[in-house]
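Engineer: What follows is each chain in one-letter form.
Number of protein chains: 2
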Amino acid sequence: MPRVSEAHLVARRQQILEAAWRCFARNGFHATSMQDIFAESGLSAGAVYRYFPSKLELVKATAGTITEGVGEIFETIAHADPVPTPAQSLDMVVDTINRLTMAREPDLSKIAMHAWSEAIREPEVGAVVKEIASRIRQGWLDIVARWKAAGYIRTDVDPDDVAGFLYGVMVGYIAQRNLVGDISAEQYVNGFAALAHGRR
Amino acid sequence: MPRVSEAHLVARRQQILEAAWRCFARNGFHATSMQDIFAESGLSAGAVYRYFPSKLELVKATAGTITEGVGEIFETIAHADPVPTPAQSLDMVVDTINRLTMAREPDLSKIAMHAWSEAIREPEVGAVVKEIASRIRQGWLDIVARWKAAGYIRTDVDPDDVAGFLYGVMVGYIAQRNLVGDISAEQYVNGFAALAHGRR
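Residue numbers (the UniProt record's numbering), protein chains in the order written: chain A, 1 to 200; chain B, 1 to 200.
Keep in mind that a hint or two might mislead.
Short derived list, chain A residues pointing at chain B, Cβ under 7 angstroms [claimed, not checked]: (1) A39; (2) G42; (3) I120; (4) V129; (5) K130; (6) D161; (7) F165; (8) G168; (9) Y173; (10) L179.
The set of hints was computed from the structure by calculation and includes no laboratory data.
Since this is a predicted model, take the numbers as computed values, not measurements.
Even glycine gets a Cβ: it sits at the ideal position worked out from N, Cα and C.
Isolated chain A (complex conformation) (with noise of 0.2 angstroms):
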C-alpha cells in the first residue's frame, strides 16, 4: 500500500463525511444507502469503507463533529469571568448552533432532525443522540453550579432538573427553526430572557 500523508487522510475523510452529509440532509438517514453515498463522493466502495466501515460510522462522526463544536462553548461559558447569566448563555450557545449547523452547507440541523426521528426506530441511532444529550446536560451542569453561586438560581434546585430543561429548549430552538423558521436565534433568546432572572 502506498504511504499517504496524514493530511491526506484527514481531507479524504472530510470529504466522504460532507459526501454524506449531503444525502442525509436530502433523503433522512433511513432512505440514504451506502450506494448514494459512493455515488455523491465520487469515491469507489472500497475508499469509502476504508474510512467509514457503516452507515452508523458515518453518524457516529457526525455526532462528533457537533459534539465538539458544542463542547467548546460550554467550556468558555463554564470559565468566563463572571459567569454568563442563563440568558447570556443561551444566547452564546444557540449562536454556536447557528454556526455549526444552519450557517454552512450542508445545514447539520436538519440531519439532526431526521436523526431524533431515527432514533426512535433504530436503537443504535438512538445510542448516538442519547450520547450527545448527556454531554450537553454535562455542558449544562457546570454552568448551573455557578449560577448558584452568582445568585441566579436557588441554591436547593435540583441541577439535573435545569440542565435537562435546557437541553431541551436548545433542541426546540433547532426543531422549530427548522419547522417554522420565522424566529430568529436573537427573538427565542429574547423570550427566555423575558421569563428568565438575570440581565439579557
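Using the hints provided, position chain B relative to the given structure of chain A.
Structural biologist: Just chain B, lined up with the frame of chain A:
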C-alpha cells in the same frame, strides 16, 4: 348504499386512524404505505379511502387530534383567574401533552417526532406542522398578554418572542422524552421554574 348511523361513521373513522397511528409509530410516515394501513385496520382499500383519500389526510387528522386537545388547555389557562404563573402554565401544558400522547397507545409523540423529520422533506407535511405551531403560539400569545398584566413579564417584551420560545420548550420536552427518556414532566417544569419569574 345502506344507511349507516353517525356513530358508526365516527367509530369506523377512529378505527382507521388508530391503525394508521400504529403504523406511523412503528415505521414513520415515509416507510408507511396505504397498503400497510389497510392491512393494520383489517379493512378494504375502498373502506379506508372513503374516510381518508390519502396518507396526507391521515396526517392532517392526526394533527387535528393533537391541536384540539392542546387548544382546550390553552383556553383553560387563558381564562383561569388569577392567571397561572409561567411555571404553572407550562406544568398544565406539559401534563396535557403527556395525557394526549405518551399516556396512550400508540404514543402520538413518537409520531410527532417522525412528522418533524418528514416536514423537512415533504412540503405538505411541513404545512400541517406549521399550522399546529401557529395555533400553539397563538395560545401562548393570549396567555403572555395576561402575564404582562399580572407583572410576570415586562410590558415592553415582544409577545411573539415569548410565544416562540415556549413553543420550542414544548417541542424540546417531547423530543427529550423520546430521545433520552429520563426526565419527567415534573423535573422539566422544575428546571424551567428555577430560571423563571413567579411561583411554581
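Engineer: So, for every hint listed, does it hold in this structure?
Structural biologist: Outcome of the hint check:
Interface restraint check: A39/A against chain B, minimum CB-CB distance 19 angstroms, threshold 7 angstroms, status violated. Below 7 angstroms, beta-carbon pairs count as interface contacts, and G42/A has none with chain B, the closest being about 24 angstroms; its hint is therefore violated. Interface hint status for I120/A: upheld, as the beta-carbon distance to the closest one in chain B is roughly 5 angstroms, under 7 angstroms. For V129/A, the suggested interface contact is upheld, since its CB lies about 5 angstroms from the closest CB of chain B, less than 7 angstroms.
The criterion of a C-beta within 7 angstroms of any C-beta in chain B is met by K130/A, whose closest approach is roughly 6 angstroms, and the hint holds. Against a cut-off of 7 angstroms between C-beta atoms, the interface hint on D161/A holds, since the closest Cβ of chain B lies about 4 angstroms away. Because the smallest distance between the Cβ of F165/A and any Cβ of chain B comes to about 3 angstroms, under 7 angstroms, the interface hint for this residue holds. Look at G168/A: its Cβ gets to within about 3 angstroms of chain B, closer than 7 angstroms, so that hint holds up.
This hint holds: Y173/A has a C-beta 5 angstroms from the nearest C-beta of chain B, less than the 7 angstroms allowed. Checking L179/A against chain B: minimum C-beta separation of about 5 angstroms stays under 7 angstroms; hint holds.
In this structure, the hints that do not hold are numbers 1, 2, in rising order.
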